[in-house]
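Student: So you can see what is in the structure, the chains are spelled out below.
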Amino acid sequence: MTNVVAIKSSLNSTKMNDVENSSEVSDLTSSNDYWINCLVRIAQKKDQHAFKLLFEFFSPKLKTFYLKHRLSDVQAEELIQETFISVWRFANYFEENKGQVSTWIYTIARNKKLDFFRKNGRQVETTELVTEDWAVQNGNQFDSQMNLELSAFIPQLPEEQQEIIQKVYFEELSHQKAADDLNITLGTVKGRVRSAINNLNKLMRGGK
Amino acid sequence: MSCYHHPDASVILNAASGQLPTIHHLSIQLHAQVCETCQKLLSEFEQKGGENLQQLSDSPLVALTFSALLDKIGDTEQDSKASTETYDTQRILEDILMKGTSSDLNWHWRTRRFAEIPLSANDDNFEAKLIYFKKGFKVPQHTHKGDEVTIVLHGAFSDDSGTYKRGDYVHKTSLDRHSPIAESDCICLAITNAPLKFTGTFGPVLNWFMK
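Taken in order, these protein sequences are the chains called A and B. Just so it is clear: in the first sequence, position 171 is 171 by my numbering, and no numbers are missing. Just so it is clear: in the second sequence, position 170 is 170 by my numbering, and no numbers are missing.
This is chain B alone, in the form it adopts within the complex (with noise of 0.2 Å):
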């Protein structure tokens, strides 16, 4: 199974040299997960980053030993909890793309036919969401302030540009203007640096929905 929806190429070497925040880097590696050919992009860039390392110069450490290193080592071995929720995120967004569910997921039903989920891996400048859509749910015609990143994750949806399936990278900017529609029942990772406005006739009350 490949993806036709991918990211560019700036978006890929940017994911790898590391200049992409959190939750927008994690996008793109669940992309990769499922397209051979961003991973092996990804995969080379990442190798780049690599040797160079291992060609930087040194520089001494201060403060940090060998055997500090240990001791924190047992120290947090004690503690099971230590994964941050970055992971249990990630985990959550794995389970899905590769096993179609996960547990634990609680989601809240804001029509008979969708759902979300606020995910805690956002930081200040983003927002991200788990969607789901019943089959045959049409989001409003809506606009987007700012960036929206998604990836589908199960199922697929499909506007007038298209349509997406799992493991699809869609991006769309605020000049984009378009109501997406469950082909089945669909579940997507959305990110947005701006939270997204509807335009329709419901699209004030949606708004209140969102908030």
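Just chain A, with the same shape it has in the complex (with noise of 0.2 Å):
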């Protein structure tokens, strides 16, 4: 707790410069609570320099991300600005509703993503399993009373199970490239996401 309260005064002393400088960046731009108060910054007092912040370490990061998803150079950039206008524009949401900084500023990357394919008449690309499942199920839904309690639901997971998950879906690896990685077959990774997607629905439920 001591760490969180030194990066807070730190940030709110006017040496920021001096703190980018330091060999403590790397934890500071680990540190949500860092990123937190550059957005409140934007929000209250218009900083460009907090803004500048977020920008010099997200957007490189945005543009990977971006590019992953065999966008071109200009129309990665382009949504990277898009993110950005939009960064400041709604840094008073965030504030109102705190939370983690990554989680906002890829929620409005992956909006602009979907928003930019949308315009474009390009399909949203899925995931091989999702196509299968839409094949074989009956109804992507389920009729349940759902479960209220607090603990959170992916960390009850198995491990490699979690690890799938994360791999697929946000590394966004091919199932195949998947299974080299973690030096299992096609089948098992096929099986461990089923197996995921199973779980969460039974832990959704309350475990039905």
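Read the hints as simulated data drawn from the structure, not as lab findings. Computed from a predicted model, the values in this text were never measured in an experiment. C-beta atoms are modelled at their ideal positions from N, C-alpha and C, and glycine is treated no differently. Misleading hints may appear alongside valid ones.
What the hints assert, rightly or not - So the derived list for chain A, only partly shown, Cβ under 10 Å to chain B, looks like this:
| # | residue |
| --- | --- |
| 1 | T29 |
| 2 | E56 |
| 3 | S59 |
| 4 | L62 |
| 5 | Y66 |
| 6 | K68 |
| 7 | H69 |
| 8 | E77 |
| 9 | F84 |
| 10 | S102 |
| 11 | Y106 |
| 12 | I165 |
| 13 | E172 |
Stated by the list, open to error - Derived CB-CB ranges, DEER-like:
| # | chain 1 | residue 1 | chain 2 | residue 2 | range |
| --- | --- | --- | --- | --- | --- |
| 14 | B | D75 | A | T188 | 48 to 56 Å |
| 15 | A | R70 | B | R113 | 46 to 54 Å |
| 16 | A | R194 | B | L70 | 44 to 52 Å |
| 17 | B | T101 | A | E160 | 44 to 52 Å |
| 18 | B | T101 | A | K45 | 32 to 40 Å |
| 19 | A | A152 | B | S57 | 22 to 30 Å |
| 20 | B | E51 | A | L67 | 18 to 26 Å |
| 21 | A | D143 | B | A68 | 26 to 34 Å |
| 22 | B | V62 | A | S151 | 41 to 49 Å |
With the hints in hand, could you dock these two chains into one complex?
Tutor: This is the structure we're talking about:
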């Protein structure tokens, strides 16, 4: 907890440049409080320096994110620009709810991508399994009273199922690449994804 | 108030990881605004997306600079109509879900008890509509060529499989044949990836209306 306080007070001081140049930078950029502070400054004071810190850290990562979705350099940077225009404009909405800054920026960037695909008539790419499921399942819907307990769902999955979700859905590896990475068969990858989904459905229904 | 009809966890996962088309994605967001459990799973997955973003390697920007970004922001702030049609659709749908109504709704009445509004957020692969049934209105039996996702925004309707209330997520496939009836005045968002087809006696007439 003391670390967090230290970060906040260093950010609140006017010597932000000193902090950036110090060896503590990598610790800072992995701290959510650091980024919250930047967004609060944007929301309250239209602080361009705080905005620049966010831009410099996240835009090269967003570039990688968009390139992975087979967008060109020009398209990727166009969407990065749109993402940061929204960050600037809607920082006050974030301020009301707080949460993880990386999550917030991710959801904005993801939605810009969806909008771009829609406008350009491009199909959203789905993972292999999803397409199969649409063919075999009789409605991707279930009917139940839901689990209202507070503990998080994903950490309750076996480690190997969390890992496969991470690789297939968020690192967006193909099933084959995920299989190679983990040194398991393609069938095992598909089996683990399926088990993870089944377990999550059960957890959401309160274990039934 | 909690819902009884939910999207499958795989649909929530696809929404979080950006693999649902915009309008289907929007339907999940609407459901999650009313359903705490689905919201929780959606948020957990989105957090994964954020963590993954934060850990990605850097790719250098080629043309975009910070000062160019600021200039662009300066330009767009002059232009208050910068919001896109998607946001307008989202705002209208959220208003109906949270407040039961929205301004500027221009209903097209097809019968005395049934109205609809085509939505602009659709893309070529989907058709999205707001549908209004007055209490007691029975939609003639129909099937779907493709899939139909319905989110109840206000009121309730029922069919052979159950009763659907505010926030409920209803997914019908081409195998389902149903004739929904409005339990109260009811407003729904309906998304189809192929037009629905009426199969009863008045089917041909209604099919004509739906064009």
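Student: Quick check on the hint: A/E172 CB to chain B CB, less than 10 Å?
Tutor: Hint holds; A/E172 Cβ to chain B Cβ min 8 Å, cut 10 Å.
Student: Grab the minimum C-beta distance from A/E77 to chain B and call the hint holds if it beats 10 Å, violated otherwise.
Tutor: holds, 4 Å
Student: Under the criterion of a CB-CB separation shorter than 10 Å, is A/K68 in contact with chain B as hinted?
Tutor: This interface hint holds because 8 Å falls under the 10 Å limit.
Student: Let me know if the C-beta of A/L62 comes in closer than 10 Å to any C-beta of chain B, holds or violated.
Tutor: holds, 7 Å
Student: Is the interface hint satisfied for A/E56? The criterion is a beta-carbon contact with chain B at less than 10 Å.
Tutor: holds, 7 Å
Student: Can the suggested window of 18 to 26 Å be confirmed for the beta-carbon pair B/E51 and A/L67?
Tutor: At roughly 19 Å between Cβ atoms, A/L67 and B/E51 fall inside 18 to 26 Å, so the hint holds.
Student: Under 10 Å is the threshold here; is the Cβ of A/S59 close enough to any Cβ of chain B for the hint to stand?
Tutor: Given a least distance of 6 Å, the restraint on A/S59 holds.
Student: Verify the interface restraint on A/S102: the C-beta must sit less than 10 Å from at least one C-beta of chain B.
Tutor: At about 3 Å, which falls below the 10 Å cut-off, the nearest Cβ of chain B leaves the hint on A/S102 intact, so it holds.
Student: How about A/Y106: closest beta carbon in chain B under 10 Å, or not?
Tutor: holds, 4 Å
Student: Given A/H69 as an interface hint, is its Cβ closer than 10 Å to any Cβ of chain B?
Tutor: Since chain B brings a Cβ to about 8 Å from A/H69, closer than 10 Å, the hint holds.
Student: For the hint 22 to 30 Å, verify it against the beta carbon of A/A152 and that of B/S57.
Tutor: This hint holds: roughly 28 Å between Cβ atoms.
Student: Is 32 to 40 Å right for how far apart the beta carbons of B/T101 and A/K45 are?
Tutor: holds, 37 Å
Comparing the model with each earlier hint shows a violation of hint 21 alone; every other hint is respected.
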